Amino acid sequence: MIRLEEFYDNTLSDNLMILSYKDPRTEGEFIKKRIKQHPPLTKAAQDVDNPFKKNRPPIKPRGGKKTQPVPPPQSHETIPRLDEIYIHCMIKQAIHNKQHLLSGLMALQCITSERPNVVYSKTGVANWKLRAGMPIGCVVNIKGPPMYTFVDKLVEIVLPRLKEWYGVPLSSGDGNGNIAMGFPSSALSLFPEVEGNYDSFPLMTGFDVIFNTTAYTDHEARALLSGFQIPFNEKKRKRRNIRVME
Amino acid sequence: MNASRITCLISSINKTNFIKHVKFNELFINIGKGRKPYSIYSSLKPEPEIREMVAKKYRIVSSIVLTRPPQILRDLHPFEKEYYLYQQKLEQIHSPPFPQDFYFKKGSIAEKRWNKRKEQDKKNALSVFSEFNDNLKDKSDIVEGEEDINNDNKSLGDVEEEEIKIASRITQDDLNNNLKSLNRALHRTLYLIVKKPRDEHAWQFPQGGVNNRESLIQAAARELEEECGNKMDVWFVGRRPIGCYKYTYPKNFVREDDKDIKGSMVFFMKAHIFAGQVHVDQKEIVDFAWVTKQEMKDFVTSNYYSAVLDMLSEF
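So the protein lines, in turn, are chains P and E. Position one of the first sequence corresponds to residue 1 (the UniProt record's numbering), numbered consecutively onward. Position one of the second sequence corresponds to residue 1 (the UniProt record's numbering), numbered consecutively onward.
I should point out that these hints are in silico values taken from the structure, not numbers from a laboratory. A quick note: this is a predicted structure, and the numbers were derived from the prediction, not measured. Some clues are possibly wrong.
[To be verified] Quick partial rundown of chain P residues pointing at chain E, CB under 7 Å, derived from the structure:
{"hint": "1", "residue": "MET1"}
{"hint": "2", "residue": "LEU19"}
{"hint": "3", "residue": "ASN176"}
{"hint": "4", "residue": "SER200"}
{"hint": "5", "residue": "LEU203"}
No residue lacks a Cβ here, since even glycine has one placed at the ideal position from N, Cα and C.
Extracted from the complex, chain E is given alone in its bound form (with noise of 0.2 Å):
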């Protein structure tokens, strides 16, 4: 196609088809040079200056609920563990026979570990149920019988098997109360507070007001980026916020810019990190930390507690 095509085809233009041509044209124009469709309007139109969003005399802003959700599984109540232990052992009592031939060739090595194990699995089990102690003590002596097997086993065991160490759940930055890493608290939902160069109200989630040219999810990404660097990989939870904190500013607290607002309206975005760690610049923030539901409670004011306090988890 040529540009004495177009013209042929602009010539051609009346009311009904108007714009089903201009698109055409356009559309074709753009891909020439390379542009995104609607670009020639965008540069006629004049660039709307940046300012502050605000609603009803309310300022709009933006605020980001970085958490680290949980690492290793939750702890048990005493009552939790009992059970689970009774329901496991109750299943390995009636679980059907295992085909022991299916699975290993007679007189083979590993039958000989594997009838070892169970032996001992079949004690543990046992062991619960107190009417079953009578039969228990007369199977224990038929094992002893066996020892020159059990003896083999061991000899081979330690050869083969490598001893899987657990580490432990709490770690030294538990020991140390270090707030500031992320690698403590395991098993809890940790949630990034930072704190504000000012006496009153100066440790909150990260905020910041949102411009009229950006979303909520935009605006709370470049707050974070501004306050606590660009060192970490995070992700944010939809675009949706997760809940709102409306509030009026004191009396004796005037802005300098806008006399007329009133207070503001603070919009929370869930995001989770995956990797990295806060880099404070000295002059918005001064301080953070990394907190759990009920560690927050020492830190904020007890108005934003309330306000943020079902939107946190409680694992």
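Next comes chain P alone, as it looks inside the complex (with noise of 0.2 Å):
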């Protein structure tokens, strides 16, 4: 049994649901705004009966705008929930030295008890000697059990040792529910696996976390992360268009 899991089960999804309901013309409203997003189909998509249509893919509407997803009629289950975690480092000097790499492969390894993967540079930035295709930083997946594990032990034990660090701005969020963080590699040494093995560790990096929720705005998923005591910056804002008076 994982605390957080039982936590979540028991007093938070109750919670997030009082917090996250929506009248349904608040929510009618929400949807269409979505959906208007989307661009029309073209004139052929629209046609059934074209003999072109048949055994083919639908279509895709044209502009290449990206459409956010619409969310479906709300109920008990579209609570918002935490889905998966990545935790993300580039490695910099990765570029002269592969070797680096293994450092920040170990750390990730340590702190989320998962396998992580290697990240190649898709393309090459001339002015830092990178190519495309040169392995530069790794990533790892959590789910599940580990991933309610990685999020205790960042709330209870590594942010509240953090210096100069006022909460994750409220800026941060791709606008469909999911967050992101950075963190300093001061965060990475202040992890108990890390911190009893210092000096293992030849490099210690910043790192990334990003938490996918399966919320559909970024205010429900901020208000499922606080739930579980990550700390929130509200001076950093988005930053909004100033209304000029006349």
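Bring the two chains, given one by one in their own frames, into a single complex with the hints.
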């Protein structure tokens, strides 16, 4: 049994259902707004009797703008839930010496108990002497019990001991309920697995933690994460257009 | 900006930009006097008298469901217990080999202690599977052969490691059945119910009428402070009610102030308690209790219980 998982089932999910409830009118408006972003289908795609459409996949709508997912009607199954976590670190020193990657790989494995994958660069950057296809970082994906154990460790042991850190900025989030945060290399050394064996790691790296939730807005995802005691910094909001008075 | 400039602005008002100028002018005045915007209008309006909210001949009532969430993990069913134990041991056996060289320096005390723990864990894990029992006997012989190392570890372990004492899941208040304590039934959610000085429908969640000048949440907070004192740290979960209970007054019951009212509509607001305790005023409330969902059935009437049943947590 995992402590945080039990806490979510007993207490947090009940509260999130109340907090994220939208009345039918607000929900309808929100869904309409999301659907509106999807560009209309072309005439050829709308035509059902078109012989060209037979046995072919549906034609994609025009336009390069990314569309946001449309949420299903809300029910007890749509309560925001922590889905998975990606922990990622880029190691700049690996450009010159691939051996530096090993330190990052081992550190991620220690703190998550899962085997990380190596990330290869997609494009080259001439200024950094980085070519496409070079190993540059590592990433690990955790779900289920290891994920909740990681959040527990992060919240109870690492975050309270961080210096000069005022919480996750409110500007974080991709608009669809996924929230990412970055930590300096000093945070990695605060994990108990790394701290007890600090001398074995030749290189400490900073790392990013990406929380993927089933929420459809950042607001709901933030409510979920703050339920797990992750602090948010209210001063760092997204910049909005300031209304100029005439 | 000075007064002459304002008069200049006002003089240039015409129909199209009237609203714009008024807003600007007002903002300017208010900043100067350190007041909130629109305060000049509120001072002109007569303040509405405070009276109880009534909708369609039903009195609007706000009630607070004050909860204390579980403090410890729930009790496991014996089958669940077996399942988790089996899974844990299965995982121990099938886990990839531990990189011992990475974590421990060769010949260190920590390494010796680790080796000892490992042997013990393996023995415990293997004992689940009957087919491994024969292998286990052979291994236990080997362990006995290395007695001198074990003895060393024992003497070292006693000095450095302190034993962790696990507190009991059952507290003193559980044994005394002290329903007024928050330190009871740690694995369950507790709810506050209060007793009114009357014979029927005495036990209820704290509740009270909503005024025409306040919201449901404000009314709930006010009622809680009036009835149960202000020595509690309370957090409301959202501004929306989590349930509604509509009932009509019995025929012989007539309210003195308003005879038209047929009954009440109770809206339940959820809140958490973090610290503090209830202090009853002996007027409206005479007694209180912190109870679980199942215990609540003995206190409240069956109609009331069936109305609030689905809002309460099973854990």
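Going through the hints against the structure:
Interface hint at MET1 (chain P): satisfied, since its Cβ lies 6 Å from the closest Cβ of chain E, which is below the 7 Å cut-off. Against a cut-off of 7 Å between C-beta atoms, the interface hint on LEU19 (chain P) holds, since the closest Cβ of chain E lies about 5 Å away. The interface hint given for ASN176 (chain P) is broken, as the beta carbon of that residue sits about 22 Å from the closest beta carbon of chain E, more than 7 Å. This hint holds: SER200 (chain P) has a C-beta 6 Å from the nearest C-beta of chain E, less than the 7 Å allowed.
About 15 Å separates the beta-carbon of LEU203 (chain P) from the nearest beta-carbon of chain E, more than 7 Å, and the hint is not met.
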